[in-house]
Every structure is written in C-alpha cells, then in structure tokens.
Amino acid sequence: MQKIGVFVCWCGSNIAATVDVKAVAEAARKVPGVVFSADYQYMCSEAGQGLIKDAIKEHGLTGVVVCSCSPRMHEATFRKAVQAVGLNPYMLEVANIREQCSWVHKDMATATEKAIALMQAAVAKVTLNTPLTAGTTPVTKRALVIGGGIAGMQTALDIADAGYEVDIVEAKPTIGGKMAQLDKTFPTLDCSSCIVTPKMVEVGQHEKIHIYSYSEVTQIKGFVGNFNVTIKRKARYVDEAKCTGCGACTEKCPSRKAPNEFNMGLNNRTAVYIPFAQAVPKVATIDPEYCIKLTKGKCGACAKICEAGAINYEAKDEYIEVEYGAIVAATGFEMIDVSPYDEYAYTQSPDVVTSLEYERLMNAAGPTGGHLLRPSDGKEPKTIVFIQCVGSRESCSSGEMRGKPYCSKVCCMYTAKHAMLTKDHYPDTDIYVFYIDVRTPGKNFDEFYRRAVEQYGVHYIKGAVGKVTPEGGKLKVQASDLILNEQLHIDADMVVLAGAIEPNKSARPLATMLTASMDTNDFFTEAHPKLRPVESPTAGVFLSGMCQGPKDIPETVAQAGAAASKVIGLLAKDHLVGNPCVAHSDEWMCNGCSQCETVCPYGAITYEEKEFRMPDRTTKVRRVAQVNPAVCQGCGACTVTCPSGAMDLNGFSNAEIMAEVDALCR
Amino acid sequence: MASTYTVTKEQILSISGVDPQKCMRCGKCSATCPSYDEMEYHPHQFVAMVEKGEIEKLMGSPSIYKCMSCMACIQRCPRQVEPAKLVEAIRLGVIRQQERNHLKPDDIPALLDPELPQQAIVSAMRKYTK
Amino acid sequence: MQMNDKEWKPKIIAFCCNWCSYSGADLAGTNRLSYPAEVKIIRVPCSCRVNPMFILRAFQQGADGVILCGCHPGDCHYSTGNYHTRRRMTLLFSMLNYLGVESARTRVEWVSAAEGARFVSVMDSFVADITKLGPNRRLEDLRCKTN
Amino acid sequence: MKYSYFPGCTLKNKAQELDRYGRDAAAALGIELEELPQWQCCGGVYPLSHDEIAIKLSSVRALAAARDDGTALVTLCSACHNVIKQVNHDMQTDDYVITRVNNYLAEDGIAYNGETRVLHYLELLRDEIGFDEIKQKVAMPLKGQKIGAYYGCLLLRPSGVMAMDDPEHPTIMEDLIAALGAQPVVYAQRNECCGGYLTLEDESIPKKRAAAILENARAQGAETIITACPLCYYNLKKHADGTGVEVKYFTELLARALGVKEGE
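Chains as they are written, first to last, in this note's numbering: chain U, 2 to 667; chain B, 13 to 142; chain H, 8 to 154; chain X, 505 to 768.
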C-alpha cells in the first residue's frame, strides 16, 4: 500500500486567490492512500522543499503529489528534492493547479472543485507509479563522418579540434567533394579550389582525423554512443602507405580512355590515376575497369615505373570494424541525369552541357585549361542560353514525374555567376537566362544577380525553353518570353542546363543502415525542422550539408559546424543517462507481429528469437520485440499500435492514464 | 464573334478536367507550342485567363481553332496543367451551341485537296463541329 | 442520478501532448485567458500515446466529451506521432458514431505551444458543443459509479 | 502469332501503301494480322475533353471485338493508335468514362473494361518479334541509306498512356532503321508536330512546320524520313520538293528490306 503525501502550493496569491488551498489539502486527506497533506506559500522555495523532505522522512511517504504550477516549470525541482531524501524521483506527480486552473478560472468554488479533481487524478496516478531508473550507457569517444566534401570536412575538423578522434569515410579516391570541382563561388567570386584545397590539406594533416578514402560503410550496428560500423576499403591496387603521389605511373599508363570524373567526363584519364593535383590523400588508384593488367593480364607498366613498389595487382577489398559514439551523414548531392529532358537535346549535341560541366569548362584546371571552348568544335561560343529549373519544381501529382518537386536553391545564383564570369572573360558573348522566378535570398545575393543584369547586360528572360534543335552547328532555341508575350527563336552556340540537385545515391542505403528517416526525395529528415535541424530523429546520428536539403556553401559550412557541436556535446559525456520513460514489452504477450517496429520513428525496436520455458516445462523459441532504452524517446506510438497490448510506456502506462481518466470522471 | 451563350469558368473546368491553379507561370507550354505565332491568345494565357474567368474573350478568339492537339504542352508541362485541354474545352463551349459549328460539311469540298487523307477531314470535323 | 438540467455541467477530458498542446494550455494560463472549468487535462508525451481504449474508458466512466490535442501535422516532436493519431482517431470516431455516440463528442485538434488563444477558443467551442448535446448516457457504465 | 488488326479509314483510302506494305511485311515475318470483321472510324483525334463519350464508342467496340477474339489489337496508323490506346486507358482507369461507355454499349450486349492489349505495329516489331529477329530476316539490307525517323506527336504523347517509348528521346524507329541495315539519323524535330489537321483550313501552318522538320532532318544528314502517320506523310511530302529529303511510310522500307515489296 502506497503512502502518499499531498502538498498544495499557494504560489503567493497566484493560486491561493482563486483556489481554496486549505480545502484542497483537506480534501486530499480523504483520498484513499493519502497519509499526509499540507499547504504552503511557496512549495518551490527552500522551506517548501524542506517541508516535503521532512514529511517523506517522518511519514515514510512512498509517493508525493505537489499541487502547484505546471510540471513544465518545477517538476524537475521537486523530483530532485524527493530524490535527496531517498525517494525515487518518478514517484512524484505534479497537479497543475496554476496555469491550468487558478489562472484560467475566476470563480473560487469552481476553481477549487477543479483543483481537487486534478489533485485526485495525480494521486490516482502516483498510486500506480513504480520507481524508474534511467539507464546509463558508456560513450565511445570517436566520431564517424560519412562523406568527405566540404560538409564532411568541416564537421570533422570542428570535432577534431575539440580533441576527439574522427574518421572520414569517402567513396571517392580523394576528399574534396563537389566544391573542389567548382571554378568560383558566389557571391564573392573567390576561387573555389583556393579555399577548399587548404581545408583538404588541414584535414589530411590533422592528427585526430583519419581518412578512409575509396571506402564505403557497409554495416552499422548498435546505437547512440555505441555504434559498430563496418567499413569496406575498396581495393585501389596501390598501397596508400607506400605511394608518394609522384604520378610517374599515371604518365606511363597506356590505358588512356577512362572518362575523367573530375572533369565530368569531358576528357579522359589514365587507368591508374590521381583525380586531381591537390587530391588528399595524394595517392594513385587503379581503375579495374580500364586497367589492362587487371582486365587482360598483360601490361604492368605502372608497377615497373613505381620506385616505391606501391602497386599491388593482387589487392582485395578489405573490411574493417570500428566503434563510434556518433555518426554524421554528409553524403552530399549529385545533379540529376538531364537526359530525360531531351527537348533540350542534351543527348543530341555535345554543346548542350550541364552547369557542372560548364563549371569545368571554365576552370583553369579543366579540360580546356580555362578557355571557354564549346565541346563540338573547340570554338568560342558567341551566344549562350542558360536554362533554369531543369527538373526542379515539378509537380509530384502523377507518377510520370521526370524531376523533383523542390527548388534546388543554388541554381539561380550559380547561373548568375556563370553568366558574369563568361562576360568577364568574353565580353562580346550574348547571354540569355530563361527563368521561372529568380530566387536570391541571401546576403548580397540579389545584388549579385542584379549586377549580372545591370552591369554585365545578361539577358534575363521570364519564360521557358520549349525546344532546342541542333542544326548546322547551331542550337536553335525556341522559347517563350512571358513579359513581351512572344515566342523567341535564338540561334545559340551553347546551351547550359541548370539541372536539379538530388541527394547522393548512397544516402538511401545509408539511411536504412542508420534507421534514420528520409523524406520522399531521399533527403535526411531532421529531428525537428526548426529546433533540431542538424540531428536525425535517430539518436546519435547527425546531418551535415546537402544530404539534409539543398543549400549553398556558407549554409553547408554553418550546418557542418552545428552538427560538429552536437557531436562534441555527445562525446563530451562519459555516460549517457537515458530517459526512463521509455517503452517496454511484455515478452509473454508479444506475438511478434512487428507493427511496433514499423511505427517507431527511432528504430528503437528490434526483434529477437528468444527461448521461453513454457508452463509444461518444454521450451519454445519465439520472436519477440525488444526496446532499446537508449534509443527510445518515449513517444508511445508503439503502445497503441501493439495489437496484443504487450507494449507499455514507463511513466505513462496504460494503467496510470486510465487511473487519471477514472479520477477525473468521478 | 461574341458568344451568344455564356459558358462559365466552372463548366470549362469540368469539361476539361484541368485545374489552372496548378500552373506556376513558367511558360513552358507557350515555349513549346508549334502554333504559337498563329494564336492571339497563347497556351499560358488560356490557363491564366480561365483562372481569372475571362472565358468570353477566349471563346471569341480564333486562337481556339489554331491548336493542333499535338499535346506538346500536355507532355512538357512541369506541373501537369494540360493547357491543350482548356483550349479544347473553350472550343467545345462554342461549337456545342446551336449554329456555331466552325466548319460545316458544305465547306469541305472547297477545301479538299485530292491527296488529303481522310484522317485530316475526320479530325477537323471532330475538332470544329458538334 | 437525476440531475437538474440547469445544474448539469459536462465532464470533459482533454488529452494534451506534452510538447505542443499542454504548453499551449499553460500559455493560456500565463496570459490569463479563461475557458470553462469543465475541461480537465491529462498530459501525455504525444497524442499518439492516446489509446482509443482511454477514450472509451472515459465515456464508460461518464465523460460527456473527449478532446485530443496534439502538435500540428508536420510539427510533431516525435516526427510522425500525430499522423498515427489522426488515422487512429478517424477509425475510432467512425466506430463511436456507429455506436450512436454523437460525432461532436469527440474531436482531434492541433494546438501549438504558441497558441494559447487557440487552445481557449477550441475549448470554448468544444464545451459549447457538448453542453448543447447534453449528458452522454450512451456508453456510460452505471456499474462503474460508486454512488 | 495471330493479332487483330485495325487499319482505319485512311489506310483503306489515301494511305493504302502504308497498309499494304504493312500486311506484306507482317506476312513475311510470320505474323497473322486479321482485320476486325467490322470496325468503325476511330474519330481521328482523341477528345481532350473529359465529357466526350460518344466519340470513344467506336474504339471500344473494336477493343471489345479483339478481346472476344482473344487477341491483342494491332494498329498501324498513328492517329488510330493514339485514339484507341488512350480510350483503352480510359476504360481501365476512368470510372466516369467506363460507366457511361458501358451504358451506351449495353444495348449491343457489350461490356468492356480495358482487357485488350493495344499494340502499335512498331511495338509488334520490337516487343513481339524483336529487332534482332527482323535483322535476320532482312533480305535486301538498306545499306548506306541515311534515314531519319519522324515520330510526330501521336505515337509518343501523352507518354504516360502511350508508353511506347521515351517521349523526348525515342529509339524504337531508329532501332528499326538500324535493323533494316540503314543508318539512323537523329534530329531534334522528329517529335515536333507537322501541323496536323490545320492543313484543311490553313495550309501555311503545316508548310512552316514541314519546312522546319525537313530542314532539320536534312541538316543532320537524313536523305529519307519515315513516318507511321498518313497525315504527317501528307503534310511533309507536300512540302518536301526541293528539300532533298524523301518522305516514306516505314512499312514501305520494311517491305523492301524484307524483299516483299512488289516490283522489286
């Protein structure tokens, strides 16, 4: 039998002016189980808390109800107080008789009556409460960052600077990501590689950062603080430890027809290659698809020239397992395949290029050495048409959708950049930009776009391009001008497509491994769109950069830092104290249906085959739900979904809530 | 050629099955329309004007007989608005009225080229007459 | 059990999620906005914690109306809890309707932590609806009554 | 392999070549095309309005007849194909149309719910016979010929319903051209409208369209362009003089390559 004490707070006159606190205390004494009640001016004060502590000791109270302000104000205060004298903090309930009673009602009789009802409900609940203990789990003080673009690099640097070990897993042979491919950045027009390559070097040299390049995450087990991750280190056929990055092998390699990914396939590279001069780690990789030795068994030119003896044709994929406390997804983006938009003739003419290809065509380290030459005949283009929103902002109402329903956010700005850079180098070029809306929210962004129009004379046309017809060395562009209400026909030399941004293809399988939720576009979902924008709803998983949604470089860097600070906050703890108000399953009642697993937004529920000793002394193996208390956030979705009533929630159990219902209906 | 009978916006929406509010004003329909220069009102204007309720203006315009029903605007519209269906609905709004056939069987012989396929005549009759 | 119509006051249970609606109710108090005292709030972590059983129990115990408040769709603290709520309650309400419980006796409303005034207007209108309907005897189990 | 065949009005009249070569080629490929015993004009154009029901009845009758025969329905004329395929789609998905059409046809004892498979002759070649198989059967390869496919609008749009090929980057006719031993020429205007039935009232529009299409085909190196549509054929051929581009039905080239074209 519980011995319950009820403490009614006056809150000065805040409660006492409207609620007859003495009557509430009096009424409490009549409630079965209540052995003590008192009222006091300020329960939250030292003296008030002392009153509660003394009563617990004196009367051996097993449960406490405080009738006071909202539990959102002082529940924690009172829990601490009762804990100080040895009572479990979850044996305390607060009846909210201020915000939800005295402050919203005027008539004393009515308010007192309601306060009594709320007190009775709280007593009913606390009678059924059981002591709860929050579990603790140790934290592995090492973070994993998946993706080595600007987002991943910044997150890794910030975590490492705080003194924690960080591993970066990057699928490509080098870190640097898309930013390393860009020519200039908006709105400042500073050189992209001038700012990103020093970052790459910093990451490469940081004593706390380890880079697993040319690697992939293949399995993730565990939970917040205690992840176990399997990393596949793809065979690069070059010993990273021995390779000095001298590049002699790349000069000797006779296989020269592999498309150069770094230049968007606009030129070729050798089968053994270093992606670009500033690659980190600066080691060669052999492309097994194009290597003559690996495909035909003959050659070996690279092994002969390599003084370091780094070439190893026998290399195999390796798998390593590493423990981490936190994981950051920084998987970045790709541009959609624009070939379904063949009304723009991308597959029909080499002079129709994507923005990223155009970026390489303007880059000094690109295939044309920075001279803007059109791919078909190597001539300078005189008229260039830029098409915005290729695949962005498309309706998702039918299954026939070619593109994406969202705005890709960066295209308006980089197109203005392309136009201005082109005009800078080739002032005679005629440039047309077809837009639906020009979207330039951001510091100095609209000014930047206006400069393209007003200073550079770029023709911005509100309208769309309907058809591009390659003919006689020209690209005949048919388009609408909605302001002049005309159909335009422009003979262009090049057409540049601002294709929509989409999450990297590796994000979806990664999300499945992480049990991190994603939206329908395969962007990672935040734990809260406003208040927890860099955390995944899955505890211990954080988001950095484009994998969460389209954003530009400064936003990416800001988010990368924010994600790092969340990781640091987690790794700084030796132990994680859980919320004890988590779900738990009655294994005997669980029928193994998996419905709870499906509704759980955190992946906290897993199923296990367990052996049960049956009443007839036989044993039986059954599949039952297991809740990981370190991952469960206590929402209770599973408790209602469970068809057999096996799932219940600590602190808000079915019995407790029903007791409140009963008390309030009395 | 003012219409003798009012056709409401609601009727046009119901005949066509089009929701002009889906339009984001990108102009792709008018960019892709092969008949653009023949039209007084262009595909994107059909969408905007129907939304605004300017049905009579459209009914009185020869533009409604210039659509080739090539479905380029339907195919390429990024928001699935299907402007050609509005052109068709407006045209039906006109020709479904008495004595308002755009083409009468009697007119046909004068237009006939000996090589003209039946398909052209049938299609035109479908498009232009009740 | 005979009650005078004038004296009769409805019994109303409001389930409020901890993150949005319960805070919204607190805000109503902080702003000293008034709503009928018949509304008694039970705090739950999320609207999706509310088992249809709780609502049936309330009616069985003599409640005249039950309202369930959660975060606005898309704003759920637990991402998707209120979507579950919305679907479950649609089913429950149609079942209650089938059993002859007037559909106005049950409601789901979204109230954010910033919407103290909205909490009040929702409660005002709900209490008015229930008062108009009168006592609910359809599901009340008289065996549950102690007196 | 046996199929029901819907030739359509034009193929019985002005486009007899399209039909005849199609039948001859099919026979050479071992395909039995059985003309529906009774068929009515498809109406020429699919009604874009939601409430037009009567126009769809003739298509449904043909579709129901093919179903009762237990065969897929093959069409050759692009216009007939477009109408019948779209009506079939309505009869599978649109309750408004299904109910009303079946109410009309109940008198004739017809009830139809989209059971028939509709194939264009080109799909028959690609999906039922296979271009590799056709390549084997080519007796007189069209070596050295540069041929552009002209799709027009009706074969491809709306792509969600027609589902024949990618609406912006189709390959079915190019693959056929290659199978016949010729060199396919891709040109952008191949899926732009020829001007269609506007030719009846105002010839200037198709003239402009044909010029753009023919010029583009020629500039990209095509000597011949092929089509499956009698109206495209008419509009293009009428304005092809002096462009250096020949306009032909695809069935004619097929028949010739298979060695079944009369007089060769």
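Don't take each hint at face value.
Simulated restraints on C-beta separations [claimed, not checked]:
1. B/Gly29 with X/Gln544: 22 to 32 Å
2. X/Asn607 with U/Thr348: 23 to 33 Å
3. U/Val202 with B/Arg37: 29 to 39 Å
4. X/Thr675 with U/Lys305: 54 to 64 Å
5. U/Asp240 with B/Arg37: 50 to 60 Å
6. H/Pro59 with U/Gly164: 26 to 36 Å
7. X/Arg621 with B/Asp125: 12 to 22 Å
8. U/Tyr43 with H/Pro59: 33 to 43 Å
9. B/Arg37 with X/Thr675: 50 to 60 Å
No lab work stands behind these hints, which were simulated from the structure alone. Please read all numbers here as calculations on a predicted model, not as lab measurements. Glycine included, every Cβ here is placed at the ideal spot set by N, Cα and C.
How the hints compare with the structure:
As the Cβ distance of B/Gly29 to X/Gln544 is approximately 26 Å, the hint placing it in 22 to 32 Å holds. Checked against the hint of 23 to 33 Å, the C-beta distance between X/Asn607 and U/Thr348 comes to roughly 47 Å, which is inconsistent with it. For U/Val202 and B/Arg37, the hinted distance range of 29 to 39 Å is not satisfied, since their beta carbons lie about 47 Å from each other. Between X/Thr675 and U/Lys305 the Cβ separation comes to about 45 Å, which falls outside the hinted range of 54 to 64 Å.
In this structure the hint that U/Asp240 and B/Arg37 lie 50 to 60 Å apart at CB holds, the actual value being about 59 Å. Between H/Pro59 and U/Gly164 the CB atoms are about 51 Å apart, so this pair departs from the stated range of 26 to 36 Å. For X/Arg621 and B/Asp125, the Cβ-Cβ distance of about 36 Å falls outside the hinted range of 12 to 22 Å, so the restraint is violated. Take U/Tyr43 and H/Pro59: their Cβ atoms lie about 41 Å apart, and the range 33 to 43 Å holds.
B/Arg37 and X/Thr675 have their C-beta atoms about 34 Å apart, which leaves the hinted 50 to 60 Å range violated.
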